[in-house]
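If you're matching them up, the sequences are chains A and B in order. Letter 217 of the first sequence, counting from 1, is numbered 217 in this note's numbering, and no numbers are missing. With the second sequence counted from 1, adding 330 to any position gets you this note's numbering.
Hints were generated in silico from the structure; no laboratory data involved. Wrong hints could be hidden among the right ones.
[To be verified] Heads up, simulated DSS-like pairs for lysine-lysine below, C-alpha to C-alpha not over 30 Å straight-line: (1) A:K315 x B:K685; (2) B:K580 x A:K21; (3) B:K706 x A:K242; (4) A:K35 x B:K685; (5) A:K158 x B:K365; (6) B:K350 x B:K594; (7) B:K350 x A:K242; (8) A:K230 x B:K706; (9) A:K315 x A:K3.
[Said to hold, decoys possible] For each label pair, taking beta carbons as the anchor points, the in silico distance ranges come out as: (10) B:Q387 x A:K127: 18 to 26 Å; (11) A:G124 x B:E676: 55 to 63 Å; (12) B:E358 x A:F24: 51 to 59 Å.
[Stated by the list, open to error] Not the full set, but computed from the structure, chain B residues with beta-carbon under 7 Å of chain A: (13) Y340; (14) F343; (15) G346; (16) K350; (17) Q387; (18) Q442; (19) G601; (20) I603; (21) K604; (22) A654; (23) K706; (24) G708.
All C-beta atoms in this analysis are idealised placements derived from N, C-alpha and C, irrespective of residue type, glycine included.
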Amino acid sequence: MTKTITIAHGNGGEENNELIKKIFYKHFENDILAKSEDAAVIEDGKLAFTTDSFTVSPLFFPGGDIGKLAVCGTCNDLAMMGAKPKYMTCSVIIEEGFSTRELEKIVKSMKTELEINGAIVVSGDTKVVPKGAVDQLFINTTGIGTIEHKGITASGLKEGMSILVSRDVGCHGATIFAAREGIELESGLQTDCASLYPHIKALMDADINIVALRDATRGGVSAVLNEWAKTSDVCVEVEEEKIPVLDEVRGICEMLGFEAIDLANEGTFVLCVGKEDEVKALEVLQKTHTTAALIATVTTQHVGRVLLNSSWGTKRFLDLPTGELLPRIC
Amino acid sequence: MQELELKNLYDDFRDGETIKAYAQIIAEDAAKLEKPINIMEVCGGHTHTIMKFGLPQLLPDNVNFIHGPGCPVCIMPKERIDHAYVLSMQPDVILVTLGDMIKVPGSNGSLQDARAKGADVRFVYSPMECLKIAEENPDKTVIFFAIGFETTTPMTAVLVEQVILKKVPNILFHINHVTVPEVMVELIDSRDVHVDSYNNQIDAFLGPSHVSVISGSKIYDKFPKDYGRPVVVTGFEPVDAMQGISMIVKQFVEKRCEMEVQYKRVVNHDGNIKAQALIEKYFEKMSLFRWRGLGNVPDSGLKLRAEYAAYDAEVKYKDVLPIAEIEDHKLCICGDILRGMAKPQECTIFGTACKPTTPIGSCMVSSEGACAAYYKYGNLI
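The following block holds chain A by itself, in its conformation from the complex (with noise of 0.2 Å):
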């Protein structure tokens, strides 16, 4: 570890696994957190238990705000359990000066998040900091709730399984990166913010068996893909044409040169289900996002790492982002 704390730390990649397992998972270690899921599974098996805390600048962008960002990333962790969310705490740490308006604003947009979810807020906590003790506001928000399919794990990937996204991928990231301060560029786009858990109900009302399930927040679908490849002892190979993105995320993408696989989203998630279940999985994504596409299957070809397919031909890995994001040189 470093000395001191960076941004890097914070990254959802390399630096930010590192964090966690040489500081908190060495004093906090036990069973339940060392499965490393989305959300703990507690009371065997009956509950789904997480927490986020949130902080985004600017606090409203095309699509959302950090309220319906702090409802959603804790409801979607819950429904990445295969869980139903039902409680959840809400704690906010105000700096001083913070308009009033905004800030019912806010709040106002997380009901409206918890109404689609089935959500309800039941405990709280406000803090009011000195001007410059926090960016503006902080949330945090604790949610609990009841697993409606069970056995869902990163840990579940076999050979011969088939990899899904639910949608077009990385617009959370191009949004935040287009709207926020220094980079200055125009575009229709907005985020992908949404609550996930109905699209997972549809999922088991078809009666799809769902071995993976992970929203591809910080890190993008190639942290979740190395991460499954990593816990399931397997090989992901990805189609790389078939990673589906907007154009003007590619164009964002092409200028600030990142990976679209790489970029945050707030509302897409990674599934893996077995071949057999593939094209009904691909049908019921279809029908919210026409972009959903099945993008990779599992095999032993490079166990632990992640193979990107050109359609020339050619083969690479595709790594855990590692740092923090920056714009090229030139």
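Place chain B on chain A using the hints.
Leaving out everything else, chain B in the frame of chain A:
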């Protein structure tokens, strides 16, 4: 006129069938080569393209790449990175730079580390954003730590011009711009003191694309003429790169030695005259610039002209800036890699002590460096 979309600029240049067709042409021509050829792609952008799109997997054994020094972050010697770090730690300073530069470790740490310790370090996509930062922070000094080859130099020159015209009182410059042809000459000509040899392996150059938009292809005329090395100025997309390689192979088969331009859709012989004039107006050559991994290269660096010394952070802060040269780690073989005498995997610390998260040598620090590209994309054949 039909509107041009961004995707028109790259879609066709990534077509799998076209790439395969070029692979076929190259294979047929390469079969006629009398000896293997080593092509140096000078530019880090090309290294990235070549590795990201897996192009070596499509080439016959007798066509090899040597990965060149054209990554502006990679070639910065540690002492200049220390300059950035020290400047960022000065009271009331906002240090602004481009992209990857904030990740490169100097002897005290990287700019990222400086930021973690409280320094105000920002990265921008366009240097012009400094004007806004300076306006919003009138009681701070904004220092633009300028890096890059001919491609980014005009942007810095425009900022210098704006600062002078608008009489902006709080922007200074630390200039680290370098130029391509001088280092190409150095690679062909120089004696490597470590191995005491002139033994470079470069047979031809894939010429940088965006640099050439500014400078024009004229800067490479001397390489076929005076040094016997063909140059093909090539674009950044995989179809571009494959076509460029194919043009080089054809020159060898047909026993020609010429400067050609594959990237005709944007590069011409004279380049952007206006940008060149702007560079000329504000910058002059440094007699020596020390390249990380390569050492001193004559006439390869730029500095602000003496009459603009009032805007030069190197002048204004000269009392606090370290001057001693700092050598790289003893085990690092970046110099050999840049000269085409070794591949990244031959380095004993590649992928072990030296990784993108903890880079030791220059070629690992930026995504455009050869070692970083090898590490990230692997070498699967």
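Quiz item: Which of the stated hints cannot be reconciled with the structure, identified by number in ascending sequence?
Solution: Hint check: 2, 5, 9, 10, 14, 19, 20, 21, 22 fail, others pass.
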